[in-house]
Amino acid sequence: MTRPHDFGFDETAQILKGTARRLLQDHCAPEALHRLVALDAGPARASECVWDEALWRRMLDLGWTAVAVPERLGGFGMGLVAIAGLVEELGRAAAPSPLIVTLCATYVALACGPAADELLRRIAAGLSVSLAGTDRRGSWEAEHTEVTVDANGRLSGTAWFVQDAGKVGALIVKARSAQGLGLYLVEVDATGVTIVQDAILDLTRDQAHVVLREVVPAQVLASPGDGARALVAAEPAILTIIAADMVGAGEWQLQTTAEYARTRVQFERPIGFFQAVKHPLVDMMVQLDAARSLVYDAACAFDHEPESAEVCARMAKAAASDAAAYCSDRSVQLHGGIGFTWECFVQLWFKRQRHNEVLYGDAAHQRAVLADRLLGRIGATA
Amino acid sequence: MTRPHDFGFDETAQILKGTARRLLQDHCAPEALHRLVALDAGPARASECVWDEALWRRMLDLGWTAVAVPERLGGFGMGLVAIAGLVEELGRAAAPSPLIVTLCATYVALACGPAADELLRRIAAGLSVSLAGTDRRGSWEAEHTEVTVDANGRLSGTAWFVQDAGKVGALIVKARSAQGLGLYLVEVDATGVTIVQDAILDLTRDQAHVVLREVVPAQVLASPGDGARALVAAEPAILTIIAADMVGAGEWQLQTTAEYARTRVQFERPIGFFQAVKHPLVDMMVQLDAARSLVYDAACAFDHEPESAEVCARMAKAAASDAAAYCSDRSVQLHGGIGFTWECFVQLWFKRQRHNEVLYGDAAHQRAVLADRLLGRIGATA
Amino acid sequence: MNQSSESSEQAAFRAHCKAWLASGLPPRPGFRLPLGPLEIATREQLEYLCAWQKAAHAAGLVGCDYPREYGGGGLRDCQWIANHELKAAGAPFFPNIVGLGMAAPTIFHHGTEAQKRRLLPPLFAADEIWCQGFSEPGAGSDLANVQALAERDGEGWRVNGHKVWTTLAHFATWMILLCRTDRARKHDGMTYFVAPIRDGVGRGVTIRPLVKMTGELGFNEVFFEDYPIADDLRLDEVGRGWAVAMTTLLHERGAGSLVTPSAGGGLGDDSETTLGAAGLVELAKRSYRHGKPASDDPRLRDAIVKMLIRERAFAQNERRAAVPALVDHPLRLPLQHKLTLSELLQDTARLACEIEGMAATLHQTDPNAPAGGRWPHAYMNSFGFTIAAGSNEVQRNILGERVLRLAKSK
Amino acid sequence: MNQSSESSEQAAFRAHCKAWLASGLPPRPGFRLPLGPLEIATREQLEYLCAWQKAAHAAGLVGCDYPREYGGGGLRDCQWIANHELKAAGAPFFPNIVGLGMAAPTIFHHGTEAQKRRLLPPLFAADEIWCQGFSEPGAGSDLANVQALAERDGEGWRVNGHKVWTTLAHFATWMILLCRTDRARKHDGMTYFVAPIRDGVGRGVTIRPLVKMTGELGFNEVFFEDYPIADDLRLDEVGRGWAVAMTTLLHERGAGSLVTPSAGGGLGDDSETTLGAAGLVELAKRSYRHGKPASDDPRLRDAIVKMLIRERAFAQNERRAAVPALVDHPLRLPLQHKLTLSELLQDTARLACEIEGMAATLHQTDPNAPAGGRWPHAYMNSFGFTIAAGSNEVQRNILGERVLRLAKSK
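Line order of the protein sequences matches chains W, R, U and X.
The first sequence: position 107 = 107 (the UniProt record's numbering), numbered continuously.
The second sequence: position 244 = 244 (the UniProt record's numbering), numbered continuously.
The third sequence: position 171 = 171 (the UniProt record's numbering), numbered continuously.
The fourth sequence: position 45 = 45 (the UniProt record's numbering), numbered continuously.
These aren't lab readings, by the way, just hints derived from the structure by calculation.
Think of the CB as a built atom: it goes at the ideal place given N, C-alpha and C, for glycine as much as any other residue.
Treat the hints with caution; some may be incorrect.
As the list claims (entries may be wrong) - Chain U residues, not near chain W, derived (Cβ > 12 Å throughout):
1) PRO26
2) PRO137
3) ARG289
4) GLY384
What the hints assert, rightly or not - Result set (PhoX-like, lysine-lysine): computed pairs, CA atoms no more than 25 Å apart in a straight line:
5) LYS87(X) <-> LYS18(X)
6) LYS408(U) <-> LYS292(X)
7) LYS292(U) <-> LYS54(X)
8) LYS18(X) <-> LYS54(X)
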């Protein structure tokens, strides 16, 4: 396949991104977001699922769950490059919604073949779905699920760190049996499903662990033994999506902190005059630009050159995680005292970024896997 | 034993350090040093051994090879804390001499017991000695020597990365036999010894690999099987001495670069006005002070609490290596164009520091060993 | 541990500390202790800690180097010994942190005899808690921009203004208060007061808690509206406020001549209640990466050892600062104290979050949060320390200008 | 590789490049090639590289986007395609780096028709080598402080002054020369000339090589004493020198509208002649740590992969810079070019030295020096890049001010 020099970021992608920017500016501005998710500073807030369902209905009206679904299944069949543009805007707005998990789940479903056609149709029609299969140690590796399938095809065990579980209608559950890993669609209201909300720091999402007790899945998406392959195929898209979220959120952190540096006066100067403020802002920009270019590189590789998609996606996730960490850290420090308060908006992005950094493996994890790919496994040289 | 709160840095130590400062200011000022070692910029210079033998005789007159030798063997019996102060001054002046290698060798001899009494007497009287036993990969670990002893006690093989080999009168050679590691005194002019000067970057020392062909040692300092223990006992002192050299050299880099920042004018300001210059200078200072405190901590531990000497020494070497790397890097960058030239003195310290950083294991090596001590070996927890 | 260079007074005092601490530590409370004075949230925490400071003061471990007539111990160069023994014994911290670290040395150097006799004894005994009224919304790092106005009103003064970041204000009896008394002048237009703010609540003083980004309390805003203050509560002369404030900050930054009484922060169980690098080792042994203990990951091992080295270097800097022959400039090490400590705490907490991985997403109220969820909170709270008392950017300016004699950046 | 968004002109040009490069590369020379234009040391190296540039120009790969009447290819937006194919083919670099990257776009934008016709064709063909006369001992990062004085002398000018850091001056025919023509004005008191300095040697021009900290040559000092220069060698108007110099620097920093012709630097064997991160992988496989290959050390693996990521990000930034819909500010990516590339090269070389361990002490003349001793030299030479063309400190100011609209620091 060919890799377009412009990443394949075409007019449709531009329109999608532009629409997202405007919708979120209108309905998820920082003031509104803070009022929505940070009204209560008390610790009880941590395990609540707070979001704007009216905004979600607008997103559904715009068909955003359908963007990645093929046209033959009722979707728009857009490439990951266009999706990355959309997700950048969700990150920039720090918008709480089940869209990102649903997009991730869509790529898993796409990798499952015809067995997931029905699910993809439902997603295109507005079903929100999250992925469930991380173990208690936070590992997303295929073999690390704690959910098992019994001889009757019923699922039992706990899936940890399920993102936005409080907002979705269904889950794609990773489960092990003697034949290997399978993937199963589970409706959240099915018998035997208990969703236990975690108390988390990030105010712009929710997280839960999902306890399954002999749950009959609504559908088998990948039979035992076929699940790992589908997950591996979808992983570059998932990593790219999370990285795009971080790049968008980082841009908000950069612009908001730069604006503060242009207006806050100390020692009779806007603080951006001081190189101790100016240069870290430039370094935020440099790191973000590197990560952003790698996000589009990875999305383009996924769309056009699958054999290099994994390496590119891990590079993007690693660079974006590091950029997010640096931008979060400096956005608070450079805001000085005010940046350290609950009422200042920077805390919302800080916490969203910290959460995204570790999702599906932090920067060091991605680099460790990349080292295996690019330097050979340890012991291979000796 | 007890650890004095003031590190045991007493009046004698102060006098030794002060004398060294003055002597080196008078006889090894930067201009004189540059004239001595950097007269020739051509590549042939790299494998020459250039030093000021008259200055060396002054050092001998002051008894500096005798400082660590016990009084009963004709020395001054001073502690490592006092030696560290002396070595700091050698580093500050970037003085070329065989003193540092001789001090390191002295601690190996001290760990050999009565067999090395004669050698220590000779050192106190002015013999300069270097250590020989690093392998071609640069490992100083006891088991990695490439020199072997035959049944007749003759030494053969190559010792790599021998420091200041062109200046010393004798070598302490690590050699393996079936019975284990032994330590041997070899005179540099003994039959079968060939000293091949390496071409190196540092202009303030020389380095060689020493080829031994059936060399009859002048003396057995540690019998086969006893050598490793002596090396382990001496290693904290060796690491502390190299770290002290780096701390002294780093202080020169800091003060010289700060002086440049006070006087060089750009944009109508002394460049030290700009935080992009000021803050790195402060960070140089912060890193140097941490390393310096750890050097005296390590020296004091060696003198008073041998059980913690290794950990303290490795911490000092790690911190000093990192500080040296940072100071070297920034001393060139902050000097701008002029710092990048042969005629500017900073290159001399830059290269000395780069050399010291890797001697006896760089910062990461020290931390890897420290991790084994402080976190347990890998696999111990599982 | 016998110290070779100690005077006999010091040796005797050390022995006294050891003996008293062997039985003088308070029992563990039935509730969770805060991680530091800035995190004191409940009155029961405060009372427990005040009782402990009072007992330690009664035993002579608090304010040892101050004269006896001011509630001190009348000793010389002994507070560091008490601190050392307190830390070794795993004693809890002293709650009157602003009082001990900032108000006491300032009152001692600038107060009248009457002020010293009135204010210092209850400060040492934690009978009266102190808070600081320096920062304002427009005067953070740029303290010389203080706008809170004290105007002459008969014999005394009347204050109008708005202070922020006043730790412990809701528990405090007294505030050290920096005001402008002359709008036409900058540095020499300020005056320094000690304000009985608890008595002022409802009579011109309003205290409003500021919520930190963690959702916790700890700081306050304090509003003054025509708040009356007597002239005998002025410290030093009118217009000398900046100089007095510099004494305060010198001590806050660890560079003062009087050692601040301090203790560990724990009750013996380091890994549970402190935020030191030792906690990282424990955490790494309990956390997993790539299916193996995080403590087996060579990259994390390297990072943890770096922190252990920085922590030891910090302690050894304190040790070396007391050895004149190994100090090049009297302010060089003391002015690094706050800078290096705050960045060490921040980097340690950040690394802990990395070790925790996905579990670092959990709030401290989540039962599965590792180490009680304290590390992500510690990371966020660490910004209070890197920003407060002159941001670290300003600290680097001060070090560059005062120690390296570089041109002033402002 | 067919590129979906290319015009037919571009596609045809790409095919042409591929076809020509399949046979047009020069044979390996019998001597060692320098690592970059700044390291050209001997006349035989220069002649080999000039012959190569001349051949590539004749084939249409150099100056493709310039008009034909100036020796260009008359194409649109094709130079990047040539550069891409040159790099993919492992072609050697072009030696006339100052000419192609700085002089050509400046002459194109500010020169007269006659100047363009006279100067550009031999520049592209490497028949005339160019050097830069901007920096002075007192005007490094602060270029506006240029003191070299050009005074009216009849019809022409007479120049007195001292330029430093003039790469390639000893091989150059021409110099771009920034002079002060009005002492009373700063930015608008400068004028820009193109000076035939080879002809001037012995007639007012003295060239003295500057020795780098590596002991190598590469830079020069140039002294002007009553050096005469004709008025038709002035570029743009008197007093407009600063504006013209900004065009030069914009292109040097990679932010100009004209893409600079460039190639790889090697002849197919990456690990031997380039300084990229791929060289780190090879080096790590051949080096040892703790008795094992350095490529098995997880900490070094992590560090090497970081460099591979930064290197790819740099290339992807170049790619994204050409996609307007993914660019927020026109100068944002171009102005990062020199900053990120120079720090990437520096950090890569520093890491290589760490991988080498003790062997990094060896000079390139030592037969045991790994990779021919190029990494420690590359580390030292990298400071030329982080300091030159406006130190990276100044680059960060420019980015902060022009892209983030922060207050000017100077």
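These are the hints, each one checked on the structure:
1. Its beta-carbon lying about 27 Å from the closest one in chain W, PRO26(U) satisfies the requirement of being farther than 12 Å from that chain.
2. With a least beta-carbon separation of about 8 Å from chain W, PRO137(U) fails to lie farther than 12 Å from that chain, contradicting its non-interface assignment.
3. The Cβ of ARG289(U) does not lie farther than 12 Å from every Cβ of chain W; its closest approach is about 7 Å, which violates its non-interface assignment.
4. With 12 Å as the threshold on Cβ separation, the claim that GLY384(U) sits away from chain W is violated: the shortest Cβ distance comes to roughly 6 Å.
5. Distance check on the hinted pair: LYS87(X) and LYS18(X) sit about 11 Å apart at the alpha-carbon level, within 25 Å; holds.
6. In summary, the hint linking LYS408(U) to LYS292(X) is not supported, as the alpha carbons are separated by about 50 Å, beyond the 25 Å threshold.
7. Only pairs whose Cα atoms come within 25 Å are accepted, and LYS292(U) paired with LYS54(X) is rejected, the gap being roughly 59 Å.
8. At roughly 18 Å between alpha-carbon atoms, LYS18(X) and LYS54(X) fall within 25 Å of each other, so this suggested pair holds.
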